[in-house]
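*Asks:* Each chain, written out:
Number of protein chains: 2
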Amino acid sequence: MYQQIKHQINQIISLTDTEFEQFLAFTEIRKLKKKELILREGEICRAAWFINYGSLRYFYLVNGEEHTGQFFFENSWFTDFNSFLSSQPSKLYVEALEKTEIILISRASIEKLHTQIPKFERFSRLMAENAFKGLRNKTEMLANQSPEERYLNLVKERPKLIQRVAQRYIASYLGIKPQSLSRIRRRIFDNS
Amino acid sequence: MYQQIKHQINQIISLTDTEFEQFLAFTEIRKLKKKELILREGEICRAAWFINYGSLRYFYLVNGEEHTGQFFFENSWFTDFNSFLSSQPSKLYVEALEKTEIILISRASIEKLHTQIPKFERFSRLMAENAFKGLRNKTEMLANQSPEERYLNLVKERPKLIQRVAQRYIASYLGIKPQSLSRIRRRIFDNS
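Sequences listed follow chains Y and G, in order.
Per our numbering, the very first residue in the first sequence carries number 1; after that it's consecutive.
Per our numbering, the very first residue in the second sequence carries number 1001; after that it's consecutive.
No lab work stands behind these hints, which were simulated from the structure alone.
Glycine included, C-beta positions come from ideal geometry on N, C-alpha and C.
Heads up, a few of these hints could be off.
Below, a sample of chain G positions facing chain Y; criterion: calculated Cβ distance under 10 Å [said to hold, decoys possible]:
(1) N1130
(2) R1136
(3) E1140
(4) Q1163
(5) G1175
Pairs of lysine to any residue, SDA-like flavour, derived with a Cα cap of 25 Å [stated by the list, open to error]:
(6) K119(Y) with T18(Y)
(7) K156(Y) with K1091(G)
(8) K119(Y) with R1122(G)
Construct the complete structure from the given sequences, taking the supplied hints into account.
*Replies:* Structure (structure tokens):
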């Protein structure tokens, strides 16, 4: 149950067994049903989640319409960093796309960890840097790529996502209409 | 010359005078002329810059057209984090919008600082978190606000930017055509 998170953390900082136990004492396991929300717009996000299995999606509601921001799969961390860092109400909804198990750690606990085990500062720094990279890539994609390029790059770089995520969410994530995505897919498959 | 950067860093971590001297030994001052580029697409960004005075803008070139990403003013840090973190070629151009003085520190030096003065991990963590927050706000703005809302929020939240930056760059930053921005401005001023 904790092998994956241990491996993930140890890729970044090496923890002694005692330190890892100290870390674990701050965590809790949460099981989510498909479609279950773990964060809603207006709530303050007070935790970060490590995905043991399953997947999460975050989206905004804009005039009643869902705008998908990103997808996260097993062995990765996610939080609404904006709300988490500022303690401001979130603008996001975060839902489980399938049966999902997460390991949760609260912001307060992470702050304690920074004091008790200072090398966690390094861990948190790298997490923040990764969050930044992910978001920058997403922003660049929307700003600089045509819908077809966006889809082709996604197929190339994140094939797992194409297999596991419903097409309407992928369309929303790519910032294109579901009908346009269907057209793009037909064009690609007809040419291949 | 170093009062501002000292103040900025000490807001985040307290450095002794010796530690601050140790930090300064890694830095160098660079003066930029208006329009001078400090980073071009294809180059690897190997430094972070603190702005003593003046301002920077970063942009992408998409089919020969500039897409402005963000503006930075005195007392703030900037780097192309994506290229800086991954040592991959940058996709950005960074230019001085006016006569600008920066304090430069290389990535290699920052890594040495993390080892020599571990509390710099905390500094870098907070810088990464801030970079993330800035980018998330930008992304949310483009995804969820109408052009008029974008401009009104900018006027409210960053009035200095409106005064100091040419309107064509502001339009590009807001993701709207210069003519649309002129129309929006006329509408606002006619109603006020």
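*Asks:* With reference to the structure, classify each hint as holding or not holding.
*Replies:* Outcome of the hint check:
1. About 9 Å separates the beta-carbon of N1130(G) from the nearest beta-carbon of chain Y, less than 10 Å, and the hint is met.
2. Because the beta carbon of R1136(G) sits about 5 Å from the nearest beta carbon in chain Y, less than 10 Å, this interface hint is met.
3. Here the hint on E1140(G) is kept, as its CB sits about 7 Å from the closest CB of chain Y, short of 10 Å.
4. Contact between Q1163(G) and chain Y, as hinted, is not supported at the beta carbon level, the nearest pair being about 26 Å apart and thus beyond 10 Å.
5. The criterion of a C-beta within 10 Å of any C-beta in chain Y is met by G1175(G), whose closest approach is roughly 8 Å, and the hint holds.
6. For the suggested pair K119(Y) and T18(Y), the alpha carbons sit about 14 Å apart, so the restraint of at most 25 Å is met.
7. This hinted pair checks out: K156(Y) and K1091(G) have alpha carbons roughly 20 Å apart, not beyond 25 Å.
8. Our distance criterion of 25 Å between C-alpha atoms is met by K119(Y) and R1122(G), whose separation comes to about 10 Å.
The structure does not agree with numbered hint 4 stated previously, though it agrees with all others.
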